[in-house]
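**Student:** Got chain A; can you put chain B on it based on the hints?
Those sequence lines, one after another, are chains A and B.
At position 226 of the first sequence (counting the first as 1) the number is 226 in my numbering, and the numbers step up by one without a gap.
At position 434 of the second sequence (counting the first as 1) the number is 1434 in my numbering, and the numbers step up by one without a gap.
Simulated from the structure, these hints should not be mistaken for lab results.
Don't take each hint at face value.
Using C-beta positions, here's what the derived DEER-type ranges look like [unchecked claim]:
{"#": "1", "chain 1": "A", "residue 1": "N524", "chain 2": "B", "residue 2": "M1060", "range": "31 to 37 angstroms"}
{"#": "2", "chain 1": "B", "residue 1": "N1524", "chain 2": "A", "residue 2": "E117", "range": "18 to 24 angstroms"}
{"#": "3", "chain 1": "B", "residue 1": "R1255", "chain 2": "A", "residue 2": "T358", "range": "32 to 38 angstroms"}
{"#": "4", "chain 1": "A", "residue 1": "Q414", "chain 2": "B", "residue 2": "A1385", "range": "26 to 32 angstroms"}
Glycine included, each C-beta is placed from N, C-alpha and C at the ideal position.
There are 2 protein chains.
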Amino acid sequence: MIQGKNFIGNQRSATGNQTIQAHNPATNETLEGTFYAATQDELAQTMQLAQEAFQQTKKMSAARKADFLRAIAEEIEALGDTLVNRACAESGLPQGRIVGERGRTMNQLRLFAQLIEEGSWLDARIDTALPERQPVPKPDIRKMLVPIGPVVVFGASNFPLAFSVAGGDTASALAAGNPVVVKAHSAHLGTSELIASAIIKAAEHTQMPNGIFSLLFDQGFEVGQALVQHPVTQAVGFTGSGKGGQALYQLAQQRPQPIPVFAEMGSINPVVLLPEALKNRGKEIATQYAGSITLGAGQFCTNPGLLLGIASDALTNFEYALGNAIQQTQPATMLTEGIADAFHNNTKKALQQSNVQTVAQVPQNGQNNQGQAVVAKVSAGEFLANPTLHQEVFGPYSLLVVCQNRGELSQVIQSLEGQLTATVMGENEEVADYQDMILHLQDKVGRLIFNGVPTGVEVCSAMHHGGPFPATTDSRFTSVGTDAIKRFARPVAYQDCPQELLPEALKDDNSLNVWRLVNGQWSNQDIGALA
Amino acid sequence: MIQGKNFIGNQRSATGNQTIQAHNPATNETLEGTFYAATQDELAQTMQLAQEAFQQTKKMSAARKADFLRAIAEEIEALGDTLVNRACAESGLPQGRIVGERGRTMNQLRLFAQLIEEGSWLDARIDTALPERQPVPKPDIRKMLVPIGPVVVFGASNFPLAFSVAGGDTASALAAGNPVVVKAHSAHLGTSELIASAIIKAAEHTQMPNGIFSLLFDQGFEVGQALVQHPVTQAVGFTGSGKGGQALYQLAQQRPQPIPVFAEMGSINPVVLLPEALKNRGKEIATQYAGSITLGAGQFCTNPGLLLGIASDALTNFEYALGNAIQQTQPATMLTEGIADAFHNNTKKALQQSNVQTVAQVPQNGQNNQGQAVVAKVSAGEFLANPTLHQEVFGPYSLLVVCQNRGELSQVIQSLEGQLTATVMGENEEVADYQDMILHLQDKVGRLIFNGVPTGVEVCSAMHHGGPFPATTDSRFTSVGTDAIKRFARPVAYQDCPQELLPEALKDDNSLNVWRLVNGQWSNQDIGALA
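Okay, chain A solo, but in the shape it has when bound (with noise of 0.2 angstroms):
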């Protein structure tokens, strides 16, 4: 079944002789097929077949593309279990995750269809010609959103199906009407074709323009530099390390017209234990936080890797309580041998940092690849010295930081660089009294959460899943929720444009019902029903 040949549009291709392998984390045996990196060649070709795509899919009705995304779902469903085993065998994650994860991808395909049918995310803007205006007429500008060019993807490995051929990226890249060519991930090779072969039966079923899709195998970093670096690239989609998406955001900077990258690079998720929660369920906070942090063998960007308090019999409760609950966690395969062995080195070089305590460390249990969890705690002056405290350690890791007063936790908020998340575990009233504290933090993150696990990211029009740099690339841009679509497109007025000329969204005659700011009055009707 599995080919391991570069989609190249609606074309295999196999051209070069660098090839590569997949693994399965959990016993360290090669799974089957042999997978071919693609040429200079073959990439050149998909980035031609990707520009002479555009040129239908910038122009193509919601309707369309809608129809297109939900093919994709339903030829992802059609895999069956073919898809689950092969995913599950590559990533090591349990069964019940892929299935759960499957399903989010659907959906994330459906909502994006649904986002576009309704119309508003175009943000449409009509402002009416005024003739007699003196000193001079008014013209009619109308204004909406348009795609931004074939749009570049790079898997991700802590989710093979929702961050990566056909996640969160390519179906809102697809939904704003770019090409999409997709840079498949090392960690799961055969799950990145098996997707694309849906995607791509779904093209055709939906008589998409041949290069609307291409999937790229590389054996390093060259296709994927490559495909950033390519002219006809106009926005490049990444979720994983720092050190990789501050590398493709450098190299688009450079390139003689830059053009944007959205990195979502994970971090360590500040969890703020105000006293008075402690004090009351300090214990049912440990559980929670047992299980947010060992989730996925906490393999997700907003595991909570920093938990903050101030130093009180409360806190020491709940410091017993959560090494207790970790203690008794299982440890689990992680993504891949890589990922283990750092997880297991950055654990030892977090615990090796002077004056640094081991609350919990799960021991380890023989088999491959597990990961362990591991909570820390250190004081809040050596935090506030030591930069190396501050960095995250990918995996089933946290470390609780005990502050002296309420002065020194501010400190230590105000030290912190750019996050995706901050969490207030708090009562109502210390929550208010805590509310300027609570303001800085706002100054360093995406999203806020009360109460709750800051893992577990809603898929909906309010979500933002960004944050300050180096959380992402761009504060101004989430990867999760409909808003994603908006990374992939830009902003064009028409000044006096003939009505026939206008894109469907912004004609007299509203026949798709979009909400539009029509003369500064909000409103889905036609402009000649509005006084």
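**Tutor:** For chain B alone, kept in the frame of chain A given last:
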């Protein structure tokens, strides 16, 4: 009246020993006032104040910010003839233009006041909780735009009021809730000081925090560069040359924390002259364009620097008519000696390129720093082969490119770099006939104009004054019109946030009457009022 001191928040300061002076380009005379370049110490104090002020401005109500913006407009008006005379003397622009630009500047301030009171720019979204949802409850998530942090604005030479100290960048950044630090442009130092004094007066009258606005002078590039590199700075607004804009952009990307730079760097604004339009109204178009090319001595980012047509008798007649009309225009004083010198050197260089012919060149009139209109002509073949001809000549200059046929016209369009605008002059039927070519043109631009001129940028909600690189550094944002505010904000999501802590615009009780997307439905009602 002119003191030549920096404004570090509300305090005037001149502790340095590097000084600069202002000049009248019409007379080459030195104008009143010795201006002190800010020292590194003064800069550090300024940024410290801006950071402190941000703690207030980020939570300030729209009503208070709107009061401040309107007070600035009033204080600018109160400067009366002092401002008009100084701006005319420093810029060489006629009084009518300066009075008009002052009106635009005040209108912009009032427009942003109105925008933030209306509130839909916040892009508020509310997805309410579903506690019973299986397999996991859905949390309550709400999102809106929040201010990004202290913004640095560079004054522009060609709009001493509307794109400078209290121009669109400053107005939109303040409206979003950010402190602003302006680097005064050396071409209008006194004007900058006068406007800054008006802003500071307005800030004091409306009880704004000290540091919400500062103005610094610079002898060269030192202060500007240090402002872009300062860790407190979170975004930069710039209007000017490609060289300047790109240098600041690269500087900002190389910071430990990269920040967005919105540089609007001008373009050559191609105009496509379709055959039937030329046949039916070539002479009229020639007159219209002679006006657009020479408006404000051609010193607009939207100046039509490139005219494209297909060889025909009608095009020859147009060329003749344009030449005649241009020949009748009067030279005008350019903004600075440097700009006038560059204009003369660049037109000379353009006219010396192989096979470039002069269509019209207004003779020198012996006065200082005059811009004499020049129109040149070249074949499409030559244009395609010579990148020098694609470069902007800032001033009253335009190049007519004669294509042999439709295919060549299309080739020329596809060879263009990113542009702020493109214009199509055509009869309705031929515009439809050329639709594919127009879609290619759209890929290159931020605004597409039909049967008009690109100069004269309407300040309204549908305006997009931006465009693909190298016209700007970020095609997704506009520097003119109400959407300019989106440059200086970023979304934050609030998950299960107590009502008391939510920003006003996200509370169940929609006291501000803001349009919001509530569970997928656009509404300006309270949450309780929705079923």
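**Student:** Is 18 to 24 angstroms respected by the C-beta to C-beta distance linking B:N1524 and A:E117?
**Tutor:** Given range 18 to 24 angstroms: holds, Cβ gap about 23 angstroms.
**Student:** Can the suggested window of 32 to 38 angstroms be confirmed for the beta-carbon pair B:R1255 and A:T358?
**Tutor:** holds, 37 angstroms
**Student:** For A:N524 and B:M1060, compare the CB-CB distance with the range 31 to 37 angstroms and indicate the outcome.
**Tutor:** Roughly 32 angstroms apart at Cβ, these two residues keep to the hinted range, so it holds.
**Student:** Tell me if the beta carbons of A:Q414 and B:A1385 are separated by a distance inside 26 to 32 angstroms.
**Tutor:** violated, 57 angstroms
Going down the numbered hints, you'll see the structure goes against just number 4.
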